[in-house]
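Chains A and B supply the protein sequences, listed in that same order. Mapped onto my numbering, the consecutive letters of the first sequence carry residue numbers 15 to 129. Mapped onto my numbering, the consecutive letters of the second sequence carry residue numbers 124 to 234.
To be clear, the hints were calculated from the coordinates, so they are not data collected in a lab. Heads up, a few of these hints could be off.
Looking from chain B toward chain A, a few residues come up when the C-beta cut is under 10 angstroms (computed) [said to hold, decoys possible]:
id, residue
1, GLN129
2, HIS130
3, TYR155
4, PRO157
5, TYR159
6, GLN168
7, ASP172
8, SER208
9, PHE212
10, ALA214
11, PRO222
12, PHE224
13, GLY227
14, ILE231
Label-pair restraints from in silico Cβ distances [claimed, not checked]:
id, chain 1, residue 1, chain 2, residue 2, range
15, B, ASP182, A, THR112, 22 to 30 angstroms
16, B, LYS181, A, GLY99, 38 to 46 angstroms
17, B, ARG174, A, GLY54, 44 to 52 angstroms
18, A, GLU42, B, ASP182, 21 to 29 angstroms
19, A, ASN65, B, GLY218, 16 to 24 angstroms
20, A, GLU42, B, ARG174, 22 to 30 angstroms
Capping the alpha-carbon separation at 30 angstroms, the derived lysine-lysine pairs in DSSO-like fashion look like this [what the hints assert, rightly or not]:
id, chain 1, residue 1, chain 2, residue 2
21, B, LYS145, B, LYS181
22, B, LYS165, A, LYS71
23, B, LYS165, A, LYS85
24, B, LYS191, B, LYS180
25, B, LYS160, A, LYS25
26, B, LYS145, A, LYS71
27, A, LYS71, B, LYS160
28, B, LYS180, B, LYS194
29, B, LYS191, B, LYS160
30, A, LYS28, B, LYS165
31, B, LYS180, B, LYS145
C-beta: ideal position from N, C-alpha, C; glycine also.
This is what each chain is made of:
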Amino acid sequence: DTGVSQDPRHKITKRGQNVTFRCDPISEHNRLYWYRQTLGQGPEFLTYFQNEAQLEKSRLLSDRFSAERPKGSFSTLEIQRTEQGDSAMYLCASSLGTSGDNEQFFGPGTRLTVL
Amino acid sequence: GENVEQHPSTLSVQEGDSAVIKCTYSDSASNYFPWYKQELGKRPQLIIDIRSNVGEKKDQRIAVTLNKTAKHFSLHITETQPEDSAVYFCAGLFGSYIPTFGRGTSLIVHP
Numbered sequence: 015d016t017g018v019s020q021d022p023r024h025k026i027t028k029r030g031q032n033v034t035f036r037c038d039p040i041s042e043h044n045r046l047y048w049y050r051q052t053l054g055q056g057p058e059f060l061t062y063f064q065n066e067a068q069l070e071k072s073r074l075l076s077d078r079f080s081a082e083r084p085k086g087s088f089s090t091l092e093i094q095r096t097e098q099g100d101s102a103m104y105l106c107a108s109s110l111g112t113s114g115d116n117e118q119f120f121g122p123g124t125r126l127t128v129l
Numbered sequence: 124g125e126n127v128e129q130h131p132s133t134l135s136v137q138e139g140d141s142a143v144i145k146c147t148y149s150d151s152a153s154n155y156f157p158w159y160k161q162e163l164g165k166r167p168q169l170i171i172d173i174r175s176n177v178g179e180k181k182d183q184r185i186a187v188t189l190n191k192t193a194k195h196f197s198l199h200i201t202e203t204q205p206e207d208s209a210v211y212f213c214a215g216l217f218g219s220y221i222p223t224f225g226r227g228t229s230l231i232v233h234p
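This is chain A alone, in the form it adopts within the complex (with noise of 0.2 angstroms):
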């Protein structure tokens, strides 16, 4: 499967702990955006990285969220103290070029439930 995929695909945790998602991307894509969607509701822009670069956090982005892409490959995303309202469905995507009108290609996802 050369499509971006995600790990794991469901994260069940209890409240005050910390989890980290993973996030390959397409290769030679060199943008890579997270995105957390919660039921009726479209994705939610978070942050994104073009290649190892974070470029834009957004600012519902709280502080106990952070996201790395060392290499300009693969990216992290970690949520320290985490709380139930972070239950929610983690997307990753990435897509060719600079500009980011490109086409996003989504990854499957990693469902969060925070008990």
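Following the hints, position chain B against chain A.
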């Protein structure tokens, strides 16, 4: 930040009818408006997009129209089929090329 309003939230049609989904945006300029289809339990997939230098784009049974003056754009699906049933999201690229999605339209096509 930018807000994209999408209507209707639910659309129910009979097979063979047309379906139209509308989106509006408010303040910022955007040059790129993609539409995504998300089937139940699956990832969003791009179905069509339009750039600001054109007013309409067609791809078989799907078309998108853009009115930059009025700041609205629409998705048109003709001759709907049951496999068109899904949630459709409009989006725009605003500011620092940050994608903003609408809340989605659940399209149900009855056979």
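| message | Quick check on the hint: B/PRO222 CB to chain A CB, less than 10 angstroms? | response | Holds, because the Cβ-Cβ distance from B/PRO222 to chain A comes to roughly 6 angstroms (cut-off 10 angstroms).
| field | Restraint outcome when B/SER208 is required to lie within 10 angstroms of chain A by C-beta distance | value | Interface hint status for B/SER208: violated (16 angstroms vs cutoff 10 angstroms).
| 30 angstroms limit on alpha-carbon distance, applied to hinted pair B/LYS180 and B/LYS145 | 15 angstroms, holds
| request: Classify the hint on B/PHE212 as holds or violated, based on whether any CB of chain A lies nearer than 10 angstroms to its CB. | output: Given a least distance of 5 angstroms, the restraint on B/PHE212 holds.
| request: Given the hint of 38 to 46 angstroms, check if B/LYS181 and A/GLY99 actually sit that far apart at their C-beta atoms. | output: 42 angstroms, holds
| Holds or violated: B/ASP172 as interface residue toward chain A, Cβ cutoff 10 angstroms? | 7 angstroms, holds
| request: Below or equal to 30 angstroms on CA atoms is what counts here, so check B/LYS165 against A/LYS85. | output: Given pair B/LYS165, A/LYS85 holds - Cα atoms ~28 angstroms apart, limit 30 angstroms.
| query | For the hint on B/GLN129, does the least C-beta distance to chain A fall short of 10 angstroms? | reply | 8 angstroms, holds
| said: Please check whether B/HIS130 passes as an interface residue: C-beta within 10 angstroms of a C-beta belonging to chain A. | reply: Since chain A brings no Cβ nearer than about 13 angstroms to B/HIS130, farther than 10 angstroms, the hint is violated.
| said: Does the closest beta carbon of chain A sit nearer than 10 angstroms to the beta carbon of B/PHE224? | reply: 3 angstroms, holds
| task | Identify whether the interface hint at B/TYR159 stands, where standing means a beta carbon of chain A within less than 10 angstroms of its own. | result | Since chain A brings a Cβ to about 8 angstroms from B/TYR159, closer than 10 angstroms, the hint holds.
| message | Check whether the Cα positions of B/LYS145 and B/LYS181 lie no farther apart than 30 angstroms. | response | 16 angstroms, holds
In the structure shown, a violation is registered for the earlier hints numbered 2, 8, 14 and 17, in ascending order.
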